[in-house]
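Sequence lines, in order, name chains A and B.
The numbers in the first sequence follow my numbering, run straight up by one, and end at 1162.
The numbers in the second sequence follow my numbering, run straight up by one, and end at 290.
Treat the hints with care, as some may be off.
[Stated by the list, open to error] With a cut-off of at most 27 Å between alpha-carbon atoms, the simulated DSS-like pairs for lysine-lysine come out as follows: (1) B/Lys216 to B/Lys188; (2) A/Lys1027 to A/Lys1037; (3) A/Lys1037 to B/Lys117; (4) B/Lys114 to A/Lys1137; (5) B/Lys114 to B/Lys271; (6) A/Lys1037 to B/Lys216; (7) A/Lys1023 to A/Lys1037; (8) B/Lys271 to A/Lys1137; (9) B/Lys216 to A/Lys1137; (10) A/Lys1137 to B/Lys117; (11) B/Lys271 to B/Lys216.
FYI, nobody ran anything at the bench for these hints, they're computed from the structure.
These numbers come from a predicted model, not from an experiment.
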Amino acid sequence: MTIGIDTIIFYAVAAVLTVISLIKSRKKTKQAFIKAWKALENILPQFISILVVVSVALTLLDPQTISRIIGAESGWLGVALAVLIGAITLIPGFVAFPTAALLLTGGAGYMQVGAFISSLMMVGVATFPLEIQVMGRKATIARNALAFVFSYAVALVIGAVVG
Amino acid sequence: MKGYKLLKRYAFLLVMVAAGAAVWIAAPDVGQKAAAAAWDNTLQLLSVVPPIFVLIGLLDVWVERRTMVRFMGEGSGIKGALIAFFLGSAAAGPLYIAFPVAAMLMKKGARLFNVFVFIGAWSTTKLPLLLFEASALGWRFMLTRFAVNIAGIVLIALVTEKLLSDSDVAQIYARAGETDA
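Let's have the full structure, built from the sequences with the hints guiding it.
Below, the structure is given as structure tokens:
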């Protein structure tokens, strides 16, 4: 397990603000922590479900398997598959980029990797229930569908500039 | 009644766990690897989640609605969108943590377009990740994707907002208003 520098910064920021909050009002700080817990408890079932889905998906689709599917010669079909794989998998960012680099050395093309990264980060099929709970069904479907299509645009530009 | 509610909330989870168990029985080696990955992911999530939710709680208690409206509300214009973009880009953690934060922003009166910009930025232009991306895939790859993404985030936010009717929007905000429980 890796703890990113961004996470450490967030702990520091949260700690400093909590201290300031405590100095200003203990009562309000207590309220804030109760609210924090309630907000977390509220979405906990979805969080755990996501973990289960992600873990199974990650095991079935390891980098070797993916780079076989989206090789440099796979063209637009490879892009389509890359977008699809990216949409259904959910890999933390600091794992995703090294994975993407592995995919490239494993034979995947820049276009396909661009499509994969883009849909991986922007489209979240596994997180649908959670997103619907906050944004509603319509907004969730719209945002994910648009991000799905947008990933093709990313592939196109990456293919032209980098590939 | 309470038990039923609890069951309903955890129904999706139970289905997922059952699916996981089925995978384990059908293919023990896959199940074992998945369980190890699940454990690793759980630790990862537990490490990222606490500060974010503390910040949500503090935001709820200390930031007044009119302050949020002034910075990210209806009349906040390009400034509001820029704040949303930087907030999302400075974030830590996977996209699904962005949604409870988005709910809090809406509860405090942030404009929907800005909330979508925030979600877009959180999903794909997080600053710490950009450095990761550059080192793994090269600066050319990272900068190209970053430039395309800025256009994409704005476009997706605009179109999503346009697709929603007034009653859709009212519903989303009503739900966000209840989030403090």
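Do the hints match the structure? See the list:
no., hint, result
1, B/Lys216 to B/Lys188, "holds, 19 Å"
2, A/Lys1027 to A/Lys1037, "holds, 15 Å"
3, A/Lys1037 to B/Lys117, "holds, 18 Å"
4, B/Lys114 to A/Lys1137, "holds, 24 Å"
5, B/Lys114 to B/Lys271, "violated, 34 Å"
6, A/Lys1037 to B/Lys216, "holds, 15 Å"
7, A/Lys1023 to A/Lys1037, "holds, 22 Å"
8, B/Lys271 to A/Lys1137, "holds, 12 Å"
9, B/Lys216 to A/Lys1137, "holds, 19 Å"
10, A/Lys1137 to B/Lys117, "holds, 22 Å"
11, B/Lys271 to B/Lys216, "holds, 20 Å"
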